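Below are the chains, spelled out letter by letter.
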Amino acid sequence: MKSLNPVSRHRERCRETREKMSEYLDGELEPGAVAAAERHVSRCPNCRRLLANLSRTIGGLRRLGEQ
Amino acid sequence: MPLAARALPSPAAAAEEQRLVARAQKGDREAFNELAGRYSDRLRRTLYRITRDCDAAHDAVQEALVRAWQGIGRFEGRSQFYTWLTRIGINEAYRGMRRPSEESLDLDDQVGQRIPSWGGQPDAVFESREFLAAVERALSELPLDYRTAVTLRDIEGLSAAESADVLGIGERALKSRLHRGRMALRGKLNHYFSEGYL
Chain A
289 MKSLNPVSRH RERCRETREK MSEYLDGELE PGAVAAAERH VSRCPNCRRL LANLSRTIGG
349 LRRLGEQ
Chain B
1108 MPLAARALPS PAAAAEEQRL VARAQKGDRE AFNELAGRYS DRLRRTLYRI TRDCDAAHDA
1168 VQEALVRAWQ GIGRFEGRSQ FYTWLTRIGI NEAYRGMRRP SEESLDLDDQ VGQRIPSWGG
1228 QPDAVFESRE FLAAVERALS ELPLDYRTAV TLRDIEGLSA AESADVLGIG ERALKSRLHR
1288 GRMALRGKLN HYFSEGYL
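Which chain is which? The protein sequence lines are A and B, in order.
For this note's numbering, count along the first sequence from 1 and bump the result up by 288.
For this note's numbering, count along the second sequence from 1 and bump the result up by 1107.
Just so you know, these hints were derived from the structure itself, not from any lab.
Just so we're clear, the structure is a prediction, and the values are computed from it rather than from any experiment.
Treat the hints with care, since some could be wrong.
[As the list claims (entries may be wrong)] Calculated pairs, DSS-like style, for lysine-lysine (alpha carbon to alpha carbon, straight line, at most 30 angstroms):
{"id": "1", "chain 1": "B", "residue 1": "1295", "chain 2": "B", "residue 2": "1282"}
{"id": "2", "chain 1": "A", "residue 1": "308", "chain 2": "B", "residue 2": "1295"}
{"id": "3", "chain 1": "B", "residue 1": "1282", "chain 2": "A", "residue 2": "308"}
Given the sequences, and given the hints that come with them, work out the whole structure.
Here is the structure:
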């Protein structure tokens, strides 16, 4: 398998983490995947912000349902 | 920081609903009307969010209630009555609308791009009517299949399994639509998250 340089590896982890953000926020990820997502998010400000923005978006949707 | 799940109906409310369903299945129109009265406004709101058309939503609710009454003998109680009714309503609403599979949305996953934070804005901003109105507007712009998945899961509070059941798709497909819909909404709300670029 072709090895990735650090930047490409980081972007690949961003991609993998972003694909799982909904399931993470819904509490539907396996513990191992949760740990991997949290590890990446703790090191990646962009993914941390994206996760926070996604969480606020979902929060807004849920408040619409409560109205 | 997983988000909290919605509360389920109380056991007493669920039992009461089962009694009404059982009576309706024996032909008790009054019991069916009681069920319809409980859920028709909620169903109309849900179908409006999906169709974006008041008349279409109203018509779909009326037709769904007729079909539910005709078919309640076949309701097996494996899901909640409202979930079953919603499935019928969505099928009615989809009639005459473009099939969801005909629409698509190219989503940029933004890997390698700058993602805006919420710029230190107070939480109250995200509780405001203005923000909720922007969420509603953004939702109306989503392709139908994403809009439906997000409406059922996040606004109606159905579980992933229930939402998939309503749409007649697998749970994996539902989760994919849901995630893409949520991400697209987040992108449309970027101006709320506009400060503090990395």
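Consistency of the hints with the structure:
no., hint, in the structure
1, 1295(B) / 1282(B), "20 angstroms, holds"
2, 308(A) / 1295(B), "20 angstroms, holds"
3, 1282(B) / 308(A), "10 angstroms, holds"
Figure legend: structure checked against the earlier numbered hints; every hint is met.
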